[in-house]
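Protein chains in written order, with my numbering: chain A, 229 to 357; chain B, 229 to 357; chain C, 229 to 357; chain D, 229 to 357; chain E, 229 to 357; chain F, 229 to 357.
Hints are computed from structural coordinates only; laboratory data are not their basis. Hints are supplied without guarantee of correctness; some may be wrong.
Given that identical chains are not distinguished, each listed pair holds provided it fits within a single copy or across any two copies.
Said to hold, decoys possible - Straight-line alpha carbon distances no greater than 25 Å define the calculated DMTMM-like cross-link-like pairs of lysine to aspartate or glutamate that follow:
hint : residue 1 : residue 2
1    : 279       : 240
2    : 319       : 352
3    : 319       : 240
4    : 319       : 236
5    : 319       : 288
6    : 279       : 351
7    : 279       : 306
8    : 319       : 246
9    : 279       : 324
10   : 279       : 352
11   : 319       : 351
The primary structure of each chain is shown beneath.
There are 6 protein chains.
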Amino acid sequence: MRKEPGEDASPEVRAVYDDIMVTRQVDRVNNFWKAMAHHPPTLRQVWEEVKTVMAPGALDPLVKEMIYVAVSATNGCEYCTYSHTAAARAKGMTEEMLGEVLAVAALANKTNRLANGYRMPVDDAFLNT
Amino acid sequence: MRKEPGEDASPEVRAVYDDIMVTRQVDRVNNFWKAMAHHPPTLRQVWEEVKTVMAPGALDPLVKEMIYVAVSATNGCEYCTYSHTAAARAKGMTEEMLGEVLAVAALANKTNRLANGYRMPVDDAFLNT
Amino acid sequence: MRKEPGEDASPEVRAVYDDIMVTRQVDRVNNFWKAMAHHPPTLRQVWEEVKTVMAPGALDPLVKEMIYVAVSATNGCEYCTYSHTAAARAKGMTEEMLGEVLAVAALANKTNRLANGYRMPVDDAFLNT
Amino acid sequence: MRKEPGEDASPEVRAVYDDIMVTRQVDRVNNFWKAMAHHPPTLRQVWEEVKTVMAPGALDPLVKEMIYVAVSATNGCEYCTYSHTAAARAKGMTEEMLGEVLAVAALANKTNRLANGYRMPVDDAFLNT
Amino acid sequence: MRKEPGEDASPEVRAVYDDIMVTRQVDRVNNFWKAMAHHPPTLRQVWEEVKTVMAPGALDPLVKEMIYVAVSATNGCEYCTYSHTAAARAKGMTEEMLGEVLAVAALANKTNRLANGYRMPVDDAFLNT
Amino acid sequence: MRKEPGEDASPEVRAVYDDIMVTRQVDRVNNFWKAMAHHPPTLRQVWEEVKTVMAPGALDPLVKEMIYVAVSATNGCEYCTYSHTAAARAKGMTEEMLGEVLAVAALANKTNRLANGYRMPVDDAFLNT
Chain A
229 MRKEPGEDAS
239 PEVRAVYDDI
249 MVTRQVDRVN
259 NFWKAMAHHP
269 PTLRQVWEEV
279 KTVMAPGALD
289 PLVKEMIYVA
299 VSATNGCEYC
309 TYSHTAAARA
319 KGMTEEMLGE
329 VLAVAALANK
339 TNRLANGYRM
349 PVDDAFLNT
Chain B
229 MRKEPGEDAS
239 PEVRAVYDDI
249 MVTRQVDRVN
259 NFWKAMAHHP
269 PTLRQVWEEV
279 KTVMAPGALD
289 PLVKEMIYVA
299 VSATNGCEYC
309 TYSHTAAARA
319 KGMTEEMLGE
329 VLAVAALANK
339 TNRLANGYRM
349 PVDDAFLNT
Chain C
229 MRKEPGEDAS
239 PEVRAVYDDI
249 MVTRQVDRVN
259 NFWKAMAHHP
269 PTLRQVWEEV
279 KTVMAPGALD
289 PLVKEMIYVA
299 VSATNGCEYC
309 TYSHTAAARA
319 KGMTEEMLGE
329 VLAVAALANK
339 TNRLANGYRM
349 PVDDAFLNT
Chain D
229 MRKEPGEDAS
239 PEVRAVYDDI
249 MVTRQVDRVN
259 NFWKAMAHHP
269 PTLRQVWEEV
279 KTVMAPGALD
289 PLVKEMIYVA
299 VSATNGCEYC
309 TYSHTAAARA
319 KGMTEEMLGE
329 VLAVAALANK
339 TNRLANGYRM
349 PVDDAFLNT
Chain E
229 MRKEPGEDAS
239 PEVRAVYDDI
249 MVTRQVDRVN
259 NFWKAMAHHP
269 PTLRQVWEEV
279 KTVMAPGALD
289 PLVKEMIYVA
299 VSATNGCEYC
309 TYSHTAAARA
319 KGMTEEMLGE
329 VLAVAALANK
339 TNRLANGYRM
349 PVDDAFLNT
Chain F
229 MRKEPGEDAS
239 PEVRAVYDDI
249 MVTRQVDRVN
259 NFWKAMAHHP
269 PTLRQVWEEV
279 KTVMAPGALD
289 PLVKEMIYVA
299 VSATNGCEYC
309 TYSHTAAARA
319 KGMTEEMLGE
329 VLAVAALANK
339 TNRLANGYRM
349 PVDDAFLNT
């Protein structure tokens, strides 16, 4: 584990932390952002991207968080699975909804490998959509 | 590529094909199912699971299809990405919604690896949810 | 696609090709080895490792080939899935055995993600084995 | 970590637990099943699939468990690697057999990436099997 | 495959295409960017990130491209492996250097799975760096 | 966790340990090698491969270690990420260089999935390199 930037964070890092806390209306930043602070350009870039991509758009933020959970569980990223499961719950995901997110992700992981193993060509109907 | 079971499909395989066509109101089964027919117990089991897991529940079927697309793109499964993108479009996914599904999946794949690389501990706040 | 080393292969590459053909009692090497020939140290090292690891040992060669198929389908490597499915068939794998290999691989891919998503601690009983 | 369903498990969950304990002749269920109990349809579906897929068939149960270990190590699923390594040992896997399972899985992971990186076409001979 | 935005690309898309062509001193954009144009915010965001991250910094651009090739081959992304191998060659990567990039990536993929399979604890010495 | 081979290591294992310690000029071997010792042929084979592949060649050892870190973070291998980050630091990787390694790896993981999701054909220009 890396040392956390703390009181002595640079003004550049401080500015991103402040924007995170104001945007999310919280009074601390979580460990992910403290780790990113080891490389300030990454900290700033990732925060801007998260702020933009996870905002309400054609999809609502809860759907986006559930997609994030499904991808993180697929990749086996423990930190991201924990943090985005918590974020999705905070946005209204129930136990039953989580159950369905993971059941779909599990099924997709299964059929992805069956498709890889049996190697069928893509149907013409799908190629033209 | 494997040979397709066709006219001479066994009654067991035929029964699953018929259920797929009736349930989806289509007059053919796509190549995935024809490949699964090489192992009838898998054909039957996967179809039952797809039918149950992808049905309306706490999440609506379009959200489920979009999660399927995100996982399939994460795993790099070409067939499944094509087939579930087509299925999601058929259920109402617009070009803009697809854009957001893939932007979230791409961001998750990125932060999953930043989390792996910088190795931060899971925040206590997340462990208790 | 890379150009194939052919008639003009170096003596170093030729020697590996010859050993592959003699060991496997075939009169050509497949495209994987021709591609490896772009970096002769890799060609030689991989062939030595394949020859040793895939030889009869505590596990028989067919079981080893089926494990290779399961891993290759999991990773979505098209070339390796094709070549090791062919190799396993040549060693006696039936259609039904392939069906079971892929059903187990598919199930493992599924439960791996359920375990990642629900994040349960490893049971003490497993830690002590 | 999620809270475990315990004494107060629903009759639906209890029934699956009982079937697991009777089938496996054990007096407790491991943490994986307790976590699945957060979504009873998944608990029931996964248990039915495990019971069917991992039963003796064209492949014997030990071979199936070793394939499970190879896939779980490939995916980096810690829980599944521990639990299926324990299960394989219980079915007779020796230290040497585990060594060979992992040596094959490691080699497959290596050649999968060499194939991806050098991008050779699939040999005609493999396409026709 | 998706239709390409062409003559009729929006001014927003045109502006990114122009910046790509000016920055790289080429007279066309490759298929990746044309596909991204289906979701203009993603096109713009990804291009900005590529321009920043792949620029000379503490690492030189060739090293960055070789890391890109290693990751793309690991993930099995055919398009990215082709495009970044070409980009690395354009920056000076020789056949022998590519051979070493892929030999290291292959070895890492192998030992990653051996580490997952044998499950050793991280040495204290590594935790404190 | 497996028991470590210690004082009572076999002569075969001892010989590899000694070669590791002499080659690296250290007085202990790390946990990875102790775990490999459960299967001596793997211990010996992996050590020979590491010694050869990671040696100075067309690429310098620091570049090789940084590629190793990028691949290990992509695969989510905690042990390998820790050990190769430490090894890269020992060879001169600064905090800023690590920041760039992970920024490139993160970007590659992101665009790999965008390429998978939007499914564009490989440009002719790339196929001919």
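Consistency of the hints with the structure:
no.	hint	verdict
1	279 / 240	both (17 Å within a copy, 21 Å between copies)
2	319 / 352	between (40 Å within a copy, 19 Å between copies)
3	319 / 240	neither (30 Å within a copy, 29 Å between copies)
4	319 / 236	neither (33 Å within a copy, 28 Å between copies)
5	319 / 288	both (10 Å within a copy, 17 Å between copies)
6	279 / 351	between (38 Å within a copy, 20 Å between copies)
7	279 / 306	within (22 Å within a copy, 28 Å between copies)
8	319 / 246	within (22 Å within a copy, 36 Å between copies)
9	279 / 324	between (27 Å within a copy, 18 Å between copies)
10	279 / 352	between (38 Å within a copy, 23 Å between copies)
11	319 / 351	between (38 Å within a copy, 18 Å between copies)
Hint compliance for this structure: hints 3, 4 are not met, and every other hint is.
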